[in-house]
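S.K.: Here are the chains, one letter per residue:
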Amino acid sequence: MWNYEKRLQYPINITRPNAKIAQIIMSQYGGPDGEMGASMRYLSQRYSMPNRKVAGVLTDIGTEELAHLEMVATIVRQLTKGLSAEELEAAGFAPYYVDHTAGIWPQAAGGIPFNACEFQSKGDAITDLFEDMAADGAII
Amino acid sequence: MRIYNMAGNMQRPCGCASSEPVARGLCPDNEYVVGMAYVPWQNFSTVYEPDRALEAGTIFPELDKPFLAVRGGVCR
Amino acid sequence: MMISQMNQAQLLHWIDMVSFAVVEITEYLDTHPCDEEAMKYFNHYADLRRTAMRAYAEKYGPLTIDTANPDNYWQWASSPWPWEGGNC
Chain A
1 MWNYEKRLQY PINITRPNAK IAQIIMSQYG GPDGEMGASM RYLSQRYSMP
51 NRKVAGVLTD IGTEELAHLE MVATIVRQLT KGLSAEELEA AGFAPYYVDH
101 TAGIWPQAAG GIPFNACEFQ SKGDAITDLF EDMAADGAII
Chain B
1 MRIYNMAGNM QRPCGCASSE PVARGLCPDN EYVVGMAYVP WQNFSTVYEP
51 DRALEAGTIF PELDKPFLAV RGGVCR
Chain C
1 MMISQMNQAQ LLHWIDMVSF AVVEITEYLD THPCDEEAMK YFNHYADLRR
51 TAMRAYAEKY GPLTIDTANP DNYWQWASSP WPWEGGNC
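Residue numbers (the working numbering), protein chains in the order written: chain A, 1 to 140; chain B, 1 to 76; chain C, 1 to 88.
Derived by calculation from the structure, the hints in this document are not laboratory data.
From the three backbone atoms N, C-alpha and C, an ideal C-beta is built for every residue, glycine too.
Some hints here could point you the wrong way.
Unchecked claim - Stretch by stretch, here's where chain C covers chain B in the computed footprint (C-beta under 8 Å, at least three residues): (1) 31-37; (2) 48-55.
Claimed, not checked - Within a straight-line C-alpha distance of at most 30 Å, the following computed DSSO-like cross-link-like pairs (lysine-lysine) qualify: (3) B:K65 <-> A:K20; (4) A:K53 <-> B:K65; (5) C:K40 <-> B:K65.
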C-alpha cells in the first residue's frame, strides 16, 4: 500500500503561466519517457523479480517516480492556471483544451495518449533490468 | 572494482591486468559472458551535503551527471 | 539553525532536504544491505526527518496522516494541496 505525503519532493512555485511550455512539459507526465511510464514500469516489474535486492529497489524507485509524476503535473497545472481560452489558443493549446480544458491528462507533447506500450514487463530479471537502464538513460 | 551480477551475488575482484583497457574491471572469462551489459558496483563514500544534494538530484557526486541536451551522437 | 527557530518555509525546506537524503540512501541500501556507513547515514537523516515532521505538524498542520493529531478541526484535507501552493 501507499501513504501520501502532503508536499512535493522539490518545491514548485510558478508565477508566470505559459501554455506553450506546458504542452512540452506534459510529455514528462504521460509521454513515452514520462514519469507515468517510469513508475508503472518499476512497480509492475517488481512482482516477478526473483532477486530480493532488485525487488526492493524497484519498489522504492517506483514510489519515487510517483512523486516525480506529481511534480510534473504540478508544473503543467501552474503553467496553465488562470489563462483564458483565447490565451490558451494563441499558445497552441487549443487541441488539448477542447478535450481536457485545464485538466491534467496523460499524453505526449504531440498529443499521443499515454499507453502501457511505453514500457515492458517481461517476467525476466535480465530483460526487465536492461529495459530499466535504457529507460533511465532516456529520462535522466 | 567489485561487479554486481544479476543473480544478486557480489563477485570477487577478478584481478585482470589493469593496463589493458578492455580488461579494466572486467574478467574476460568465466564470470562475464559476452552479449550482456554490466555496470560497476557503487560504493558508499563521499556524499553531498543535503542542500546541495536536493539541488543536484542525488546525494552521490559520482551520479551527478551533466545534462548536455545533445542526442544522436552529435558532438560539438 | 535549530528547527524550533525556523519559519514555515525554512522548516519545509529542511524537511525537503533531509527527506531527499533518506530517499536516496534507502534506494542505495536496498542493494547494499550490509553497508554500515550507509546505515549510519540513514539513521542520522531518518531521525532528523522524524523530528522535523512532528514539529511541522504541530505548528503548521500534518504532512502525513501519521503526524496528524486533530483537535477541533480536520486540517489534512482543508489546507491547500501541494499543487495549489500549499506546503511548497
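S.K.: Hint by hint, which ones does this structure get wrong, listed from lowest number up?
M.R.: 1
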